[in-house]
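Participant: If you want the building blocks of each chain, they are given just below.
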Amino acid sequence: MSSLVGFLSLVFAIGINFYLFLSRYIFKFQKQKFNLFIRFSSLLTLLSFFSLMYAYVVSDFSNYNVFQNSHSNKPLIYKISGTWGNHEGSMLLWLSILSIFSFFFSFTKNIDENFQRLTLIIQSLLHILFGLFIVLTSNPFLVNSITVNEGLGLNPILQDPGLAVHPPILYGGYVGYSIVFSIAIAGLFQNTDDEWLYVAKKWSLISWTFLTGGIALGSYWAYYELGWGGWWFWDPVENISLMPWIAGLALVHSLMMVRGEQAIKKWIVFLSILCFSLSVFGTFLVRSGILTSVHSFAADASRGIFILLIFFIVTGFGFLVFLLKEPKKSGALNLLFINKVSALVINNILMIIATLTILLGTIYPIMIEVLYNKRISVGGPYFNATVIPIMIPGFLLMSIAPILSWQTNKIQNSKIYVLSFIILSVLVLIQSYFLDFNTWGFVGLILGFWIILASIIAIFSSYKVKFTIKFFQMINPHIAHIGVGIAIVGITCSSVFQKELDFNLNEGDKFNVNGKTVLFEKIETTNQINFQALRGKFLFDIEKNQSEKIEAGKNYYPVSKMITSEAGILHQWNKDIYFILGDQKNNEWFVKVLINPFVSFIWLGVIIMMYSGLIAVSRR
Amino acid sequence: MSRIFILTPLIVLLIICIFSLAYLLSGKDPNKPPSALLNKDVPFFESSSLYNSNNVIKTNDIKNKKTLINFFASWCSPCKIEHPLFFEIRKKYPELYLLGFNHKDPTLDAKKYLEDDGNPYHFVGVDSDGLIALEFGVFGLPETYLINEDGKIIFKFMGPLTKDVLKNEIEPLL
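Chains as they are written, first to last, in this note's numbering: chain W, 1 to 620; chain D, 1001 to 1174.
So that you can see chain D by itself, here it is in the shape it has in the complex (with noise of 0.2 angstroms):
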């Protein structure tokens, strides 16, 4: 009886090293949770361009069509990293539509951003009060949603795109 006392914390021991190692290698992390909206239908959006308030995109707009959603803020430093690589995905994807939600963000400065480092993007929608990006369930900038022809949302991504995401998560899916 008193053993099986005593063996009792080696064999709580090994089920929590199992479970977090099993964390670990899974390539899980906490800053990705599996997202709610995975494989669901692309919330409902409505959004005026940046450049000219009157030309508005709505969730049906992007029906029929691959479309990248990427939120984006030039406040925000880790979207200056991942910038770029939108350039490599216009060029290699001409058919892939870019869509960026510019995020509670002054105009003036995000047409500066966009002056500055260039525009990828097809249409540059506002979502200066963040309410599009509460609907996508948006944690922290950058982040970036790929919508298929059907409408629904296929892969989510949080933290800046790199090259090897694109090639691995995302490049299989187009």
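Chain W extracted, bound-state conformation (with noise of 0.2 angstroms):
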């Protein structure tokens, strides 16, 4: 039953989207009556959805897709989390969050009605393609022929809080950027005035802060759920939302700066267009299955060519418009040799030769395969020695961007920032003296205080110290600048200076980490509802009265038969202390500890970044 009432209500919406595209040319509503059409069907998409998840809630194994995905036994928050832990699910979230943003968008007041229309339109059409392709390849409303009682399960690696909600957020980034191709496809149509960047930028900021926390979520979930003691891989999967992330990056950066310059609106037309003709391609990428890893599910050739096709419409359509109706001139670019214009222009060139390079690492390997039939795989080296050097001027630049001037060359202070510059370099040099000396490392550390401290330095010589919301907007830039700093400092110790030490263990045995004293308890299996737990315990720093318990193992799932791997951290400020059990030989256990120092610091960056993101929402 409820698969019936989301298959029709999905198909309704469409129905809906497809009447109001079709308003424009032969119907005409007024306003009023369209935003209502727009809003029904925002919510009858929704309907579609909550029909799915109600299914996934109380376990309905008559509808297929929540047959193959989840199972009795799960608890509910996966049941609930199964609804997009797989491929047709997925696409339906997609659906409703285009909707849930077309539906808010629908309620912007004081912009050109005609304009509004427009980028509603636009969205419509969006609608219309991918529901579509819901429908016609991927119904996640499909019944399921044999009776059943019992479902196949979820893929345990995702049974995660974590990842739970990943998702739904990580594509409010993505489909958020669908309303920013919106606006910018319908800037270019209406040719009318500049409104629209600051429409834009209010829509393209909170797509970004998703897109953040989407990121986040996903590799703090690698950090502790695949064992590998790392946060990042540069997995394709990876790749694909970090590309929309910094394309967004630069067209949030061009939408702060821009005075009316016809060459950066005309740029910023170019990022929206991009950013949501990126987010598409990374759904074509994982959805195809061209690409392997815990994210694509089940592939088929035919879901491939249509959401290629959806994207080479939506790409070859935004761009098209871009080559054919060109914004309006007004307003010649003020470049100097060091100015607030000229930074961002060369900041915006770094982070999009950044992404191209992303893309060719990640789109290589296919093309080397259908040229030569040759399997090759472009991996973190690749990356690594591409995409950082790159953005090392850019993050040199930052540092100082916000105290440029719009009109000169000057700097305010200038001898302040040179002065301490030196004195932090002075410092950090010390430091490397007495820990093991890495070019990297000190690169990096200096990159990333060196940000933290100028961007102290410019709100304290700047602004006068109020605790007021219009103080705190008014040092916002400067505040996400510290958070970037605080992560570049994490990343930098996290990666550079991690130590590895590995263990052949009893129980009972006490080994040494870091110059504390670990006790490796036992060894313990429990049973839990729908998988068996094996912990190794470990009390760490014995010595102390209260020492801390660590407890690292694996999770044995009966029903899909899969194994994952839990680590055991220990987080402390300065760094977190990663344990991972191993097999057992000769009865002893393989124990592996990582030392990672100040990991803490990327997540509180990018916590800050994420802050910054929804202050700057609030700023008109």
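Where hints are given, some of them may not hold.
Restraint ranges, calculated between C-beta atoms of paired labels, are given here [as the list claims (entries may be wrong)]: (1) W:Asn527 <-> D:Lys1112: 47 to 55 angstroms; (2) W:Glu150 <-> D:Ile1011: 48 to 56 angstroms; (3) D:Ile1006 <-> W:Leu152: 46 to 54 angstroms; (4) D:Leu1134 <-> W:Arg619: 21 to 29 angstroms; (5) D:Leu1131 <-> W:Glu500: 21 to 29 angstroms; (6) W:Lys585 <-> D:Lys1112: 21 to 29 angstroms; (7) W:Val148 <-> D:Ile1006: 51 to 59 angstroms; (8) D:Phe1044 <-> W:Pro161: 41 to 49 angstroms; (9) D:Pro1043 <-> W:Arg375: 13 to 21 angstroms.
Capping the alpha-carbon separation at 30 angstroms, the derived lysine-lysine pairs in DSSO-like fashion look like this [unchecked claim]: (10) D:Lys1111 <-> W:Lys585; (11) W:Lys554 <-> D:Lys1111; (12) W:Lys374 <-> D:Lys1066; (13) D:Lys1112 <-> W:Lys554; (14) W:Lys415 <-> W:Lys464; (15) W:Lys374 <-> D:Lys1167; (16) W:Lys537 <-> D:Lys1104; (17) W:Lys374 <-> D:Lys1152; (18) W:Lys554 <-> D:Lys1104.
Honestly, the hints are just simulated from the structure, not real lab data. Here the structure is a predicted model, which means the values were calculated and not measured. The beta-carbon is built from N, C-alpha and C at its ideal position, and this holds for glycine as well.
The two chains are supplied separately, each in an independent frame; assemble them into the complex guided by the hints.
Facilitator: This is the structure we're talking about:
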């Protein structure tokens, strides 16, 4: 029953959007009526989504999708997240988020009526394309042809609270760019004033903040679930989320800086189209099964071709409009040796080069396999060697960009900056001399700390410190950059200064980690609702009265016959101590301990960036 | 000049789409990378029988006959799906030598599995530590290799065999 409701409302919503799309040419609606239809179709799509969720929650195995991906023994949260833990459901989530964005956009006040309508019509077009994709190739409401009373289970690796919320947040970013795309295209068609720039700014900030959260959740999950001790692997799926993120960053900055310059406006349109194109391209790469990773679901060539077609239509349409309808001419670019505009241009160029470098690394294996029938893999070494050096000058520029002037080459208080940079460099040099010297570590630490320091100096030298909302809005760009600086320090320390220790241990053994004695208490197996847990129990720093408990081990999921590793992590503010329990051989357990310094700084930096994103949304 | 700049994204889009389409239409599957072992000699192996540890099979023992090597385990559910197909193969091609490698499996479980579902193999070799699978470059279970009379790997398949694969890809080679 819920499947029927879901399917009908899905189809009905697509029908309404089709009707709205035609309305531009055939039927003429009043604004109110038009917006009502948009909202109605959004609600129908959500109804469809929640029908599917309901089927998951009540374990309705007469729905084929539920049967394939759920199990009645699962905890409720994973029944709910099971809704999007599969290809069909996650595409429905995609469409639902698209609808939510259209829904809220229809409430935007103080914008030109025609412009708003045109934007929503482009959204409708996207709704139709993706809606048809779901109905024709990925229908989550198929009826199970056999009667069963148990399902096949959800991929155990996805049974994790962090990952349960990761897709909706990530999609908030990906799909959020659809509205930015629609706004830019509508802006090109209308070609009236610059109002659309302000509207676009708000929405691109929202999308970017979601995307940041989604990526961070994904890498945090990879950090503690995959049990490899790292948090970023340059996996193709990570790369395709990073591309719209970097392009989106360039877009947000361009939108903040634009003062009516024609060249920047053109650039903004380009970036808006690019961000959404990269999002759709990412969806294509994951959904077509061209890439293998935990993200790719059962592949099917017809789906791949359909979504490639959508990618081609959307991107082609976007860039074609861009080609034919250039923004109106106005205002020249005020480029000086070093002012705000030139810093922005340089930074944007760097970000786009970085994006293209990642794009090349991601699609290169596809091209090689088509041309030479050889499988190559482009991984960490390529990206570390290319993307990081490209980004470094950008980071350097970032530290001073907010204090640059619009009109002149002068930098206020330049002496303080030079002096503090010299002091900082000497301090970092001394620090690296006493620890192991590492070039990347040195560069990373200087960059990170310099960005933090320069931003703090800028805040105190340019503004009067007051604890008002306005003050926090004013210093927001600096806060965002401090977040980046903190994240860079965390990234540098955790990757360059990571230490790895290997042990072969019996139960009851004591061993030394970082000067502290650790006791390997025992191995314990327990039965949980939907898995069996094997845990090695460790006591960290047993000399202390209250020593910390760490549990590392594996889970065995009988339904899907899979084993996942569960790292045991002791979080301290300045380092994570990361335990991995390996296999047992000759009665000894293999235990790997990683010391990851300052990992928490990465997450702290990300949280600050997201906070800044939200504050920036609130600022007109 | 600026026209070229604006045209670039469209050209890049076209290139990306052409390659992606070619990839999709070529029926390639990222789960089935072109094997480095294809048309190479079968790797050296030595494995004792599941039922009698004194009975050992080596690479040389499968020379001069066509051999189908299948890696399986009792804990591998897709293996169960393809399992009945091996009875069909054995019936239809009695000449073909069926060699099963039991991969990282407790002996008792493996025996029980073959008791319950039947044993289609001429020989079941034990690969308890997974070293033989490593030599063959096994990605995940099940995996199937066809070896010709000269001891060369002429076909490799990852995942459960299907009737289609058997008919379209294996039978022409037999």
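Participant: Hint by hint, say whether it matches the structure.
Facilitator: How the hints compare with the structure:
1. W:Asn527 <-> D:Lys1112: 47 to 55 angstroms: violated, 22 angstroms
2. W:Glu150 <-> D:Ile1011: 48 to 56 angstroms: holds, 52 angstroms
3. D:Ile1006 <-> W:Leu152: 46 to 54 angstroms: holds, 50 angstroms
4. D:Leu1134 <-> W:Arg619: 21 to 29 angstroms: At roughly 58 angstroms between Cβ atoms, W:Arg619 and D:Leu1134 fall outside 21 to 29 angstroms, so the hint is violated.
5. D:Leu1131 <-> W:Glu500: 21 to 29 angstroms: Given about 25 angstroms between the Cβ atoms, the range holds.
6. W:Lys585 <-> D:Lys1112: 21 to 29 angstroms: Since W:Lys585 and D:Lys1112 have Cβ atoms about 25 angstroms apart, the given range 21 to 29 angstroms holds.
7. W:Val148 <-> D:Ile1006: 51 to 59 angstroms: holds, 56 angstroms
8. D:Phe1044 <-> W:Pro161: 41 to 49 angstroms: holds, 48 angstroms
9. D:Pro1043 <-> W:Arg375: 13 to 21 angstroms: About 19 angstroms separates the Cβ atoms of D:Pro1043 and W:Arg375, which means 13 to 21 angstroms holds.
10. D:Lys1111 <-> W:Lys585: Roughly 23 angstroms separates the two Cα atoms, so the pair holds.
11. W:Lys554 <-> D:Lys1111: holds, 26 angstroms
12. W:Lys374 <-> D:Lys1066: holds, 27 angstroms
13. D:Lys1112 <-> W:Lys554: holds, 26 angstroms
14. W:Lys415 <-> W:Lys464: With Cα atoms ~20 angstroms apart, W:Lys415 and W:Lys464 stay inside 30 angstroms; holds.
15. W:Lys374 <-> D:Lys1167: Holds, at roughly 25 angstroms.
16. W:Lys537 <-> D:Lys1104: Between W:Lys537 and D:Lys1104 the Cα gap is close to 26 angstroms, so the pair holds against 30 angstroms.
17. W:Lys374 <-> D:Lys1152: Given pair W:Lys374, D:Lys1152 holds - Cα atoms ~19 angstroms apart, limit 30 angstroms.
18. W:Lys554 <-> D:Lys1104: holds, 17 angstroms
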